[in-house]
Amino acid sequence: MNNFWKILLFVLMTIVLLAGIIPPIVDNPKSFFEFPLIPGLEDKAKIIFFHVPTAWLTVIAYLVAMFYGIRYLRKKEIYDDMKSVSAAALGLLFCILATVTGSVWAKFNWGAFWHWDPRETSIFILLLIYGAYFALRSALEGEEKRARLSAIYSILAFLTTPFFIFIMPRLMIGLHPGALEIDPSTGEIKASANPVIKFQMASNMRIVFFMSLTAFTILFFWIWNLTHRILRIEHKTKQEL
Amino acid sequence: MNKIQLRVRELKKTFNNRLVFNKLNFDLNSGDRFVVTGKNGSGKSTLIKILGGVLTETAGEIGYFVDNKKIDRENFYKIVGLVSPYLVLYEEFTAFENLSLFSKIRGLKISETQINEILNRVGLFERRNDFVRTYSSGMKQRMKYASAILHNPLVLLLDEPNSNLDQEGKNFVDELVFNFRKDGIVIVATNETQDFKYGEKIINLDEYKNSNKTF
Amino acid sequence: MNEFKRVFYIFYKDFSSELRMRFALNALIMFVIVAVSTILFAIGSERAPQNVYAGMFWVVVFFSAMSGLSRAFVSEEERGTNLILSLLANPISIFLGKFLFNLILIFFINSIIAILYLTLFKDFIIQNWNSFLLAFILGNIGIAGSSTIIAAIISKANVRGTLYPVLAFPVLLPLILMLIEITKSAIDGNPVNDVSAEFMVLISYDVVMLTASILVFDIIWRD
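Line order of the protein sequences matches chains A, B and C.
Heads up, the first sequence is in the numbering used here, so the first residue is 28 and it goes up one at a time.
Heads up, the second sequence is in the numbering used here, so the first residue is 9 and it goes up one at a time.
Heads up, the third sequence is in the numbering used here, so the first residue is 27 and it goes up one at a time.
If we strip away everything but chain A, and leave its shape as in the complex, we get (with noise of 0.2 angstroms):
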């Protein structure tokens, strides 16, 4: 990756962590650097410019997994399957930080460290789906083998993603921003009134929401961009031996 990217990742990341933690939160904020208070978020909102990108990175972790792995079907060019398993091994650790900040989060704002509304079960059937493909991984020998079997399942976990968009509304009612709620006055199931994570941020937050959004995805970038290519020297060292 290019001197370009790096000192841009360097920027943009020391900006996040400043802006992210320092900037007070404040009831009616009157300059540029103060947050507004968002009542039962108070100071943990902060929390939001590094939970969410873990979240999204382990999202774009697996598209790209997989991804490779198709282009490994097709060409059966071993260096797709090394650009696809690292990419799944960060997607496993960014999955694991996006549970883990994100329990932390829930602990914090109501109560318990585990709800089982419908984000939380996403990312922990993610988790799941993450764990398996490594399972099936290192149960397969041969690397034609292991590289074939393992695109294939990510492919097919892939599929059941959508069932789970439909059902989880219709299942759970939920605690997370954004998700349903019952309605005090009528009992019906509704949308819910919580702005967070529907983007009533404010404009400095969100500024540096979006920068931390992209320096955590450049970063992403960068090490799997680095441990595929370790992969491959790896193979290359052993061919010739």
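Please note that a few of the clues may not be correct.
Per the computed footprint, the stretches of chain C lying under chain B, defined by three or more beta-carbons under 8 angstroms from a beta-carbon of chain B, are [claimed, not checked]:
id, region
1, 28-39
2, 43-54
3, 109-115
Please keep in mind that the hints were generated in silico from the structure rather than gathered at the bench.
The beta carbon of each residue, even a glycine, is placed where N, CA and C say it ideally should be.
Fit chains B and C to the known structure of chain A by using the hints.
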């Protein structure tokens, strides 16, 4: 009478970074008999599997053309009969049941009499109602031949054709190979020099590790 | 027509084999009995809320499926008969034949589970049989479909037994969740229309997974 052609181009197979063979090229036509030999581990069985459509090659291509029409890999089973040491039949069924099931799965319209004829031809008629699990290795080998010729294939792939066979069995194999259908192709993979007689052309897979040798 | 016959005979081979040997079938039936007994003992004389029985029913179904549906491919791989099978038919027929076997098997086993639940758990009362039966049929098709393709994948691996539920769970989960919802609704006696959306999801799951399985099976099957 059909006309069949087998074209093998730049065939390469690797297992986990280990090269088995590379740049294999040959053409075979109706009536050809071909012997593949080489040391243990040279890839004879691997080549047979690839030609049978049950193993995927790493690079290159193989094509069967029947009356000039290309056969898809998923249809290889229709034209190929394969016998090899690692072929395993269904031991919980009798010889007759095995062949009967095979003919039904293949969608062949074969009568009981015809199945019995095949069993007779391979010398298993008396034991046709015994479970294959009770068979000796020589009898199992005969059973494999029965399954290979059941559908009157155009291509016969024989890996170690005479293994486990007594003299009578060996006579059967000779008769099968030399009197095989004139429009067919026979490919024999073997270590035994006595088996070289089966082929008009012989290749040694050891020579295909990296060279540019064309046939 | 010929194609169906060939699929049928691939199924028939497994069916007669199982009938003759009965290794897997007996163990599977015992597994079901043990699983249901375990739940019986766990609940004891307590009464669980009615909705919980819906979940418990499909949980036992899931684990029974994990116990019994991998045999279709694993037995071929273990005994080495993979080769002869691939020399007898094209990959799609092989998959459909195995799928048919697993489908019949799962219908049989799940019927036993349903009967056990209906007789042993006094609170497991279905008020709307239409919903339940429809879910039962569509659900079995879905479970059999996904389980069969995953069984094909794990048959190529080592450590197959424990790997099977690990791979199958995320793939079957949406289906199981739908089935639990519909069963709850059937227990409550709600009309079929209430869960029509869930049925739509069920049907699409079946169609999508079966189609995908047929498309990818060849790549799994041929080494």
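Okay, the hints, checked on the actual structure:
Here the region 28-39 of chain C counts 7 residues with a CB under 8 angstroms from a CB of chain B, which clears the bar of 3, and the coverage holds. Only when three residues or more bring their CB closer than 8 angstroms to a CB of chain B does the claim for the region 43-54 of chain C stand; here the count is 3, and the claim holds. For the region 109-115 of chain C, the proposed coverage by chain B is satisfied: 6 residues have a C-beta within less than 8 angstroms of a C-beta in that chain, meeting the threshold of three.
Hint check: no violations occur; every hint is consistent with the structure.
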